[in-house]
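Protein chains: 2
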Amino acid sequence: MQAVQRISEIDFGHFEEALRCSILFESVKTDVISEFLSMSSVLNFKKNDIIYNLEDKAEWFYLINDGWVKLSRETLNGEEAILDVLGKDEVFAENTMFENFRYTANATAVEDTEVIRLPLGFLANSVEGDSELAMSLLKCSTSKLSSKNKEIEHLSVKNAPQKIGCFLLRLCNHSKEEQSLHLPFDKILIAAKLGMKPETFSRALLKLKDETGISVDGRNFKIPALSNLSQYSCSSCSSQFPCGA
Amino acid sequence: MQAVQRISEIDFGHFEEALRCSILFESVKTDVISEFLSMSSVLNFKKNDIIYNLEDKAEWFYLINDGWVKLSRETLNGEEAILDVLGKDEVFAENTMFENFRYTANATAVEDTEVIRLPLGFLANSVEGDSELAMSLLKCSTSKLSSKNKEIEHLSVKNAPQKIGCFLLRLCNHSKEEQSLHLPFDKILIAAKLGMKPETFSRALLKLKDETGISVDGRNFKIPALSNLSQYSCSSCSSQFPCGA
Numbered sequence: 176m177q178a179v180q181r182i183s184e185i186d187f188g189h190f191e192e193a194l195r196c197s198i199l200f201e202s203v204k205t206d207v208i209s210e211f212l213s214m215s216s217v218l219n220f221k222k223n224d225i226i227y228n229l230e231d232k233a234e235w236f237y238l239i240n241d242g243w244v245k246l247s248r249e250t251l252n253g254e255e256a257i258l259d260v261l262g263k264d265e266v267f268a269e270n271t272m273f274e275n276f277r278y279t280a281n282a283t284a285v286e287d288t289e290v291i292r293l294p295l296g297f298l299a300n301s302v303e304g305d306s307e308l309a310m311s312l313l314k315c316s317t318s319k320l321s322s323k324n325k326e327i328e329h330l331s332v333k334n335a336p337q338k339i340g341c342f343l344l345r346l347c348n349h350s351k352e353e354q355s356l357h358l359p360f361d362k363i364l365i366a367a368k369l370g371m372k373p374e375t376f377s378r379a380l381l382k383l384k385d386e387t388g389i390s391v392d393g394r395n396f397k398i399p400a401l402s403n404l405s406q407y408s409c410s411s412c413s414s415q416f417p418c419g420a
Numbered sequence: 176m177q178a179v180q181r182i183s184e185i186d187f188g189h190f191e192e193a194l195r196c197s198i199l200f201e202s203v204k205t206d207v208i209s210e211f212l213s214m215s216s217v218l219n220f221k222k223n224d225i226i227y228n229l230e231d232k233a234e235w236f237y238l239i240n241d242g243w244v245k246l247s248r249e250t251l252n253g254e255e256a257i258l259d260v261l262g263k264d265e266v267f268a269e270n271t272m273f274e275n276f277r278y279t280a281n282a283t284a285v286e287d288t289e290v291i292r293l294p295l296g297f298l299a300n301s302v303e304g305d306s307e308l309a310m311s312l313l314k315c316s317t318s319k320l321s322s323k324n325k326e327i328e329h330l331s332v333k334n335a336p337q338k339i340g341c342f343l344l345r346l347c348n349h350s351k352e353e354q355s356l357h358l359p360f361d362k363i364l365i366a367a368k369l370g371m372k373p374e375t376f377s378r379a380l381l382k383l384k385d386e387t388g389i390s391v392d393g394r395n396f397k398i399p400a401l402s403n404l405s406q407y408s409c410s411s412c413s414s415q416f417p418c419g420a
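Those protein sequences? They're chains Z and Y, same order as listed.
The opening residue of the first sequence carries number 176 in this note's numbering; numbering runs sequentially from there.
The opening residue of the second sequence carries number 176 in this note's numbering; numbering runs sequentially from there.
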């Protein structure tokens, strides 16, 4: 059974800061945030723990405080389709209020993960009378739509090595030419997120190494020249690095 | 120069019906719809006409009355990335109010197309004080997000012949086993929308014909058994036909 730690009033300041890092809450009034927090909890999940299942009744939505969460569905022939892998400060399941309060995917912790669990019914009730909150939710949806559009563009116009390069670039520090990276989750999941079979991913990674001079040791990557990686990976995309995708 | 026909008050009833076919306007009050219509026009575009360009100042958003509209961006190496191809009753560019009122893609008529052009500034002003309208806009965004999620799933888990099959299924009458289809726009655009090179599309179409017994003559398709087509195309997807994608 998952340990659920209610947020106490003395911690509101700390968690208000955490909420304000998300687009949804960045400009919501402090008293509204306090109301949310008074009904919220902190939950810690181990790697591969299930947060909720597709079609479960949706009472909560979530903000990721630390770690990574995978949203997925099972295909009819039993494979897993990855819809999203979300990281720190991202909110998920808030749109479920327009989906008959049923979760539209499975949510699973990909690594050890801490989330803030917020009340969905309260969001749904508040948003109807609070046009500021409605605008925040709209901004959040627009930002998600815009990143989905970028993802569709990536999936349709980039070749496999460029897709991997693009994924790596999003983890990079933009100001350093030479850098080291540790992958936040394993390569099989990255392959699935990028719509590749593991064997395609391996071949594409070899090609990316040849083209850009990066080196790989397990989940550790060394990038000798960020400009090489971005030049190669972004050439078939409409946005230049860093694109904020 | 594009012919712009202001909507006259005597036509409000007719165009209210058209607006109500979209998720955005289906439950908006009649007097709000009338205010929108008093500032709206009907525009007719020929095939390949540009409706607006990326980065243009956004004064308007659009509802498609008839025809098809392509949203695209140019990639850095000069190719075209298709973000969406939209049909009747779909609204586009309404989210531009959260993107500094600049269009985030090129919009082009794919066939002869009639659109209703609506005032974006009025939408932005109204939505802040009108929580019903804000909820309608949120529902519209959620529905778009949900279809983008399905599209990402299709792009990442389906093979090329299944992607074409899925595209055809969405044009089919769900209740008839044997049917004929006329493609709404040409195969090169369908290939691009599905993230395939034209030669990949041709090979995949041959394989789809072999697997499902469909026959093709130019833009005309004959489907002898809808159940065969759906069984083949949906097997690697999480939704069963008809999925409403």
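Because the hints were derived from the structure by calculation, they are not lab data.
Remember, it's a predicted structure, so these values are computed and weren't measured experimentally.
Beta carbons: idealized from backbone N, C-alpha and C, even for Gly.
Some clues are possibly wrong.
Chain Y side only, calculated, beta carbon under 8 Å to chain Z, not exhaustive [as the list claims (entries may be wrong)]:
no., residue
1, VAL260
2, LEU261
3, GLY262
4, ARG277
5, THR279
6, SER306
7, THR317
8, LEU330
9, VAL332
10, LEU346
11, SER411
Results for each hint:
1. VAL260: For VAL260 of chain Y, the interface hint is violated, since the closest Cβ of chain Z sits about 12 Å away, which is over 8 Å.
2. LEU261: At about 13 Å, which exceeds the 8 Å cut-off, the nearest Cβ of chain Z leaves the hint on LEU261 of chain Y violated.
3. GLY262: violated (17 Å)
4. ARG277: The hint is violated - ARG277 of chain Y has no Cβ within 8 Å of chain Z, the shortest such distance being about 12 Å.
5. THR279: Constraint on THR279 of chain Y satisfied, holds at 7 Å.
6. SER306: holds (5 Å)
7. THR317: Given a least distance of 4 Å, the restraint on THR317 of chain Y holds.
8. LEU330: holds (4 Å)
9. VAL332: holds (5 Å)
10. LEU346: violated (20 Å)
11. SER411: Given a least distance of 5 Å, the restraint on SER411 of chain Y holds.
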